[in-house]
Amino acid sequence: MSGLLVRDLRVTLPGPVEAVRGLSLAVPPGSVVGLVGASGCGKSVSLLAIARLLPKRRGLVVSGEVLLDGRDLLALDEVAMRGVRGRRIGVVFQDPAAALDPLMTIGAQLDEALAANGAAPAGIAGRAQALLEEVGLQDTPRLRAAWPHELSGGQQQRVVIALALAGDPSLLLADEPTTALDPTVQAQVLRLLRDLVARRGMGLLLVSHDLPLVAGQASEVLVMHRGTVVDAGPPRAVLGTPRHPVSRAMVEAAQLARAPAPRAAPARLRVQALRIAYRRGTHVVNAVQGVEFEIAAGEALGLVGESGSGKSSIARAVAGLVAPLSGSIDLDGARPGDPRAWARRCQLVAQDPLGALNPRHTARRALEEPFRIHRLPDAEARIAAVLAEVGLDAALLGRYPTQLSGGQRQRLCIARALLLDPAVLVCDEPVTALDAALRRQVLELLAALCAQRGLALLMISHDFAAVRAICPRVVVLDAGVVIESGPAEEVMRAPRHARTAALVAALPPPLAALGNRRCTTHPSA
Amino acid sequence: MAGALSATPADRARGLGGWLAAWLGGWGQLGLAITVLAVAVALLGPALSPFDPLAPSGRRLQPPTAEHWLGLDALGRDVLSRLITGTQISIAVGIAATLLAFALGAGIGLLACAIGGPVAGLFLGAMDLLRTLPSILLALVLVAAIGTGTGPVTFALGLAFAPVFARVARAGYLREMGAGYVTAARGLGASRVRLVLVHAAPNLVGPLLTQAAIILPRVITKEAVLSFFGVGAAPEAPTWGRLIAEGTRFVERAPHLVLAPVLALAVVTLGLSLLGDATRRRLDPNRVAG
Amino acid sequence: MSRAGRIGGVALRQVLLLLGITVAVFVLLRVVPGDAVDVMASEGDITVAQEDLLRRMLGLDIGWPGQLLAWGSDALMGDLGTSLRYGQPVSDMVWAALPVTLGLAAAGLAIGLALGVALALLAMLRPGLAALVDALNVWSIVMPTFCVGLAGILVFSVWLGWLPSLGHGLVPAAIIGLDIGGQIAKPLMEDLRETAEARFVTALRSRGVRRGALVWRHLLPNSLTAVLPLAGLIVAGLVGGTLTMEVLFGLPGLGALLLDAILGRDYPVVQAAILVLSAAVIAANLATEAMQRALDPRVR
Numbered sequence: 001m002s003g004l005l006v007r008d009l010r011v012t013l014p015g016p017v018e019a020v021r022g023l024s025l026a027v028p029p030g031s032v033v034g035l036v037g038a039s040g041c042g043k044s045v046s047l048l049a050i051a052r053l054l055p056k057r058r059g060l061v062v063s064g065e066v067l068l069d070g071r072d073l074l075a076l077d078e079v080a081m082r083g084v085r086g087r088r089i090g091v092v093f094q095d096p097a098a099a100l101d102p103l104m105t106i107g108a109q110l111d112e113a114l115a116a117n118g119a120a121p122a123g124i125a126g127r128a129q130a131l132l133e134e135v136g137l138q139d140t141p142r143l144r145a146a147w148p149h150e151l152s153g154g155q156q157q158r159v160v161i162a163l164a165l166a167g168d169p170s171l172l173l174a175d176e177p178t179t180a181l182d183p184t185v186q187a188q189v190l191r192l193l194r195d196l197v198a199r200r201g202m203g204l205l206l207v208s209h210d211l212p213l214v215a216g217q218a219s220e221v222l223v224m225h226r227g228t229v230v231d232a233g234p235p236r237a238v239l240g241t242p243r244h245p246v247s248r249a250m251v252e253a254a255q256l257a258r259a260p261a262p263r264a265a266p267a268r269l270r271v272q273a274l275r276i277a278y279r280r281g282t283h284v285v286n287a288v289q290g291v292e293f294e295i296a297a298g299e300a301l302g303l304v305g306e307s308g309s310g311k312s313s314i315a316r317a318v319a320g321l322v323a324p325l326s327g328s329i330d331l332d333g334a335r336p337g338d339p340r341a342w343a344r345r346c347q348l349v350a351q352d353p354l355g356a357l358n359p360r361h362t363a364r365r366a367l368e369e370p371f372r373i374h375r376l377p378d379a380e381a382r383i384a385a386v387l388a389e390v391g392l393d394a395a396l397l398g399r400y401p402t403q404l405s406g407g408q409r410q411r412l413c414i415a416r417a418l419l420l421d422p423a424v425l426v427c428d429e430p431v432t433a434l435d436a437a438l439r440r441q442v443l444e445l446l447a448a449l450c451a452q453r454g455l456a457l458l459m460i461s462h463d464f465a466a467v468r469a470i471c472p473r474v475v476v477l478d479a480g481v482v483i484e485s486g487p488a489e490e491v492m493r494a495p496r497h498a499r500t501a502a503l504v505a506a507l508p509p510p511l512a513a514l515g516n517r518r519c520t521t522h523p524s525a
Numbered sequence: 001m002a003g004a005l006s007a008t009p010a011d012r013a014r015g016l017g018g019w020l021a022a023w024l025g026g027w028g029q030l031g032l033a034i035t036v037l038a039v040a041v042a043l044l045g046p047a048l049s050p051f052d053p054l055a056p057s058g059r060r061l062q063p064p065t066a067e068h069w070l071g072l073d074a075l076g077r078d079v080l081s082r083l084i085t086g087t088q089i090s091i092a093v094g095i096a097a098t099l100l101a102f103a104l105g106a107g108i109g110l111l112a113c114a115i116g117g118p119v120a121g122l123f124l125g126a127m128d129l130l131r132t133l134p135s136i137l138l139a140l141v142l143v144a145a146i147g148t149g150t151g152p153v154t155f156a157l158g159l160a161f162a163p164v165f166a167r168v169a170r171a172g173y174l175r176e177m178g179a180g181y182v183t184a185a186r187g188l189g190a191s192r193v194r195l196v197l198v199h200a201a202p203n204l205v206g207p208l209l210t211q212a213a214i215i216l217p218r219v220i221t222k223e224a225v226l227s228f229f230g231v232g233a234a235p236e237a238p239t240w241g242r243l244i245a246e247g248t249r250f251v252e253r254a255p256h257l258v259l260a261p262v263l264a265l266a267v268v269t270l271g272l273s274l275l276g277d278a279t280r281r282r283l284d285p286n287r288v289a290g
Numbered sequence: 001m002s003r004a005g006r007i008g009g010v011a012l013r014q015v016l017l018l019l020g021i022t023v024a025v026f027v028l029l030r031v032v033p034g035d036a037v038d039v040m041a042s043e044g045d046i047t048v049a050q051e052d053l054l055r056r057m058l059g060l061d062i063g064w065p066g067q068l069l070a071w072g073s074d075a076l077m078g079d080l081g082t083s084l085r086y087g088q089p090v091s092d093m094v095w096a097a098l099p100v101t102l103g104l105a106a107a108g109l110a111i112g113l114a115l116g117v118a119l120a121l122l123a124m125l126r127p128g129l130a131a132l133v134d135a136l137n138v139w140s141i142v143m144p145t146f147c148v149g150l151a152g153i154l155v156f157s158v159w160l161g162w163l164p165s166l167g168h169g170l171v172p173a174a175i176i177g178l179d180i181g182g183q184i185a186k187p188l189m190e191d192l193r194e195t196a197e198a199r200f201v202t203a204l205r206s207r208g209v210r211r212g213a214l215v216w217r218h219l220l221p222n223s224l225t226a227v228l229p230l231a232g233l234i235v236a237g238l239v240g241g242t243l244t245m246e247v248l249f250g251l252p253g254l255g256a257l258l259l260d261a262i263l264g265r266d267y268p269v270v271q272a273a274i275l276v277l278s279a280a281v282i283a284a285n286l287a288t289e290a291m292q293r294a295l296d297p298r299v300r
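Chains as they are written, first to last, in full-length UniProt numbering: chain Z, 1 to 525; chain D, 1 to 290; chain L, 1 to 300.
In case anyone wonders, no lab produced these hints; they're calculated from the structure.
As the structure is a prediction and not an experimental result, all values here were calculated from the model.
Take the hints with a grain of salt, since some may be wrong.
Claimed, not checked - If you only want the chain D side, here are some residues facing chain L, beta carbon under 10 Å, derived:
no.: 1; residue: Leu140
no.: 2; residue: Met177
no.: 3; residue: Pro255
no.: 4; residue: Asp277
Glycine included, C-beta positions come from ideal geometry on N, C-alpha and C.
Please take these sequences and the hints and turn them into a complete structure.
Laid out in structure tokens, this is it:
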């Protein structure tokens with residue numbers, strides 16, 4: 001048969017670790033198959049094993065069959081395999097910035113890929129132009145002379161796709177192709193991949209941790225857990241009636257709650273005409289200009305924008321870590337100025353919980369820090385109370401940050417912030433680094449804290465879905481300026497600004513809608 | 001890093017010695033043994049010397065015998081006794097100069113970092129540039145200016161190696177003050193003094209001590225080179241470099257005169273370097289605690 | 001800031017360093033008691049009257065600011081003064097010594113680079129050779145070139161009888177090369193191995209790029225940019241090693257010249273030798289900086 005047929009693929013990594021334990025799948029030409037699972041489930045290893053790209057080490061064992069158009073790739077020698085890679089199989093990688101040689105121009109890398117796949121020297125320029133146009137890039141001398149770091153993430157991923165297509169492969173393997181990208185760019189890259197599959201009649205194996213994202217693209221979804229497939233079928237079936245606890249948990253985790261409608265309440269935190277600028281060498285870069293918002297006690301406000309929109313600068317200014325150039329931040333008449341006093345009113349939970357914890361200090365020592373700084377009594381009792389509040393086991397107190405899981409570290413950072421009893425809690429991308437299940441738990445925790453403690457919560461994120469889960473109102477930021485604000489549901493239903501619309505459109509479709517939708521990428525296309 | 005310094009219960013059961021042995025690894029243990037031996041010889045010094053290192057005690061250029069283990073030099077002085085005195089001077093000058101470099105470089109470097117401002121920036125920039133010059137050249141310049149003798153040479157070597165410490169201190173300071181946990185402590189309301197003392201400084205101790213361990217054997221070697229050149233510690237004192245210089249004149253008739261001090265220098269620098277390298281591996285800031 | 005501006009800034013700082021060293025050395029040499037005439041007096045019978053005359057003739061009777069001005073204006077014209085001990089123009093002495101030093105340093109650097117890069121590449125392709133790289137690395141960490149040089153003299157001149165070993169340039173060059181090779185090989189090998197597993201290398205393999213092209217066009221340039229920041233230390237080690245080897249093996253280079261001048265308080269020669277050596281180090285640092293910029297577009 002034509003296309004990719006994998007039978008009983010088993011991979012043992014040095015260790016030994018049984019990373020893949022009997023994977024079977026088929027990717028017919030022109031179809032999209034999704035392989036979904038949490039990190040470490042063996043999905044990426046499977047993809048690399050199919051392309052025979054796993055680093056050769058003593059102890060690496062790959063068995064089973066990987067048939068591409070009837071030929072078993074596992075039986076080929078390295079020279080024959082080189083003829084297959086590029087010409088029959090193309091691979092698209094997770095982080096496009098890391099998938100390009102940083103020391104070589106885009107043009108040189110394209111030329112090299114074309115030459116490696118047997119293009120005649122005379123035809124290379126024309127083929128390169130056609131490829132760049134196919135992935136939606138303008139073939140200009142400037143692009144060809146550009147270095148990878150000069151391109152945006154979306155452009156880089158388009159170049160990586162163009163390179164993968166250089167040998168006209170019949171099968172494309174994509175490993176988390178959009179994970180490292182901004183949400184609007186994610187949507188564009190997914191659309192490009194879908195179009196390419198339809199136009200070229202290629203097979204696409206899409207590997208991701210994101211079930212809704214894959215379900216929106218694939219005609220068949222395989223859910224992987226600990227090296228084996230635990231659930232498989234059309235997206236509709238997997239989402240509608242998940243057969244395995246793992247796929248059920250994934251479906252549940254993807255369904256985030258919706259915050260209640262906003263209610264009128266007197267504002268506690270008032271931010272007015274905020275302007276933040278940084279000095280870069282000799283000139284000044286404006287990060288934030290004229291931003292205004294208010295938050296009431298017990299209310300969560302979402303601040304949404306893509307990377308570079310100035311969100312984190314606002315978080316740092318509200319937390320009193322940077323002094324704004326002008327404008328005011330006002331909490332019940334108090335302003336950030338005296339760091340000690342402000343710390344007891346407003347706390348920041350930083351984006352990277354591991355980085356925010358001193359590696360030399362145990363969890364207990366981290367939680368004692370607020371008491372030592374402010375010379376507060378009753379450390380023991382109050383730590384115990386806060387631990388219960390954030391759902392962290394007291395048995396973990398003796399551990400160092402690296403010995404805690406990602407979710408535990410995040411809870412530890414939240415607990416440390418709460419020990420000072422702040423009126424305002426600022427959370428910078430609190431769930432970005434977490435997988436779907438943890439994300440849901442942490443969001444629920446934040447919502448509960450907000451309600452029970454009457455906290456004014458400022459949640460900063462690029463992810464509308466996460467923000468909508470706990471924030472009744474949102475403020476949308478672009479290039480340091482507020483472009484839109486209002487009730488979250490209203491903004492998402494009828495965005496008034498093009499950038500907001502792009503952010504909303506980038507969200508995966510709601511799971512309920514997916515169940516009734518026909519897949520647009522079926523072979524018939 | 002915290003993990004690297006803290007002993008596991010199993011380590012504790014074996015006692016401090018066992019823990020230290022495991023911490024250092026095989027080559028590090030050899031280094032420690034050599035270092036302890038060299039320091040012991042330096043401390044006991046005269047008590048160990050069988051003869052007067054400065055007075056003749058037999059036939060000139062006599063090869064090693066049962067009485068004179070390392071033979072006699074061109075003036076009939078006992079080479080072993082002179083070597084022991086040399087060990088004392090070399091190690092004393094090495095440690096003193098390393099401490100001076102540490103205090104000057106790390107102390108002034110950190111102070112400049114903490115104060116900030118253009119003058120401190122200029123100072124740190126100058127230190128950074130001086131670091132690119134060969135230390136032996138800097139030491140020669142200083143010796144040329146301030147003269148020879150034990151004190152001046154210690155001072156010159158201390159100054160010559162100070163920029164290395166300034167750089168380590170500065171790099172560490174910048175890294176620490178930019179770390180997420182220092183920002184987090186700032187967010188909790190910690191004062192600047194607390195940030196530096198509680199959060200940044202403990203993470204600087206490792207790199208600075210490591211640097212000192214790496215620098216010490218180099219300082220000792222450079223002192224020997226300066227002595228060999230004739231611009232080292234006290235002209236008549238039997239330092240290793242001077243013994244080597246004296247020996248090279250009779251290298252064909254009495255090779256033991258050169259061989260003994262060269263071996264002493266090589267073995268001690270080897271031991272200190274192995275110890276330093278083992279320390280560096282264990283205290284590498286890139287190591288993840290756990 | 002513009003690219004040209006940044007490069008200019010780097011060059012300016014280095015030139016300021018050179019200027020600073022020159023002035024510092026000049027002042028240091030003059031403010032301390034004792035001068036060349038004192039040394040001559042201690043070596044032979046000179047009357048006090050003769051001493052004063054000598055000082056006046058050599059320009060040592062005016063204060064150091066005046067001497068610095070006079071020296072600086074002459075140096076700008078290429079005249080580095082006259083040796084106090086030998087009466088020769090300092091420029092001639094430096095010119096005669098320079099080729100010896102440059103030759104030794106260049107030979108040592110070439111041997112070191114060739115050894116280091118070749119070993120690192122081989123050890124990446126044949127993991128069994130990593131032990132050799134480790135051994136060479138330990139060698140260069142724990143064995144000062146001074147000791148190795150002395151051992152070299154003992155072995156080659158005394159026991160093997162390869163006289164005249166003194167003056168033979170190959171042995172010192174090899175000793176310097178071994179030291180530099182050991183310093184380079186280990187980090188280069190480690191970076192090559194790390195780069196070989198980088199995402200972009202897997203991506204290149206996924207496109208069927210050949211192994212030869214992979215190593216020479218992608219791995220080596222990427223790893224070299226990672227190792228290049230070590231160049232400053234290597235240059236310092238190279239110059240220090242060259243000076244030591246010259247004195248040890250009796251090669252008439254700048255190191256030997258400098259030492260002789262220091263011992264004889266021959267200020268103009270000390271001043272000139274340090275000026276030329278510092279300039280060489282600074283030129284090497286600028287060259288590395290330029291190489292880094294040429295290789296790596298991200299730092300331009």
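Would you check whether aspartate 277 (chain D) satisfies its interface hint, that is, whether its CB is within less than 10 Å of any CB in chain L? holds (6 Å)
Proposed interface contact between proline 255 (chain D) and chain L, which counts if any beta carbon pair is under 10 Å: With a closest approach of 5 Å, the proline 255 (chain D) hint holds.
Are methionine 177 (chain D) and chain L close enough, Cβ to Cβ, to be under 10 Å, as the hint says? At 22 Å from the nearest chain L Cβ, methionine 177 (chain D) fails the 10 Å test, so the hint is violated.
Return the status of the interface hint for leucine 140 (chain D): holds when the least beta-carbon distance to chain L is below 10 Å, violated otherwise. Interface hint status for leucine 140 (chain D): holds (6 Å vs cutoff 10 Å).
Checked against the numbered hints given earlier, this structure breaks only hint 2.
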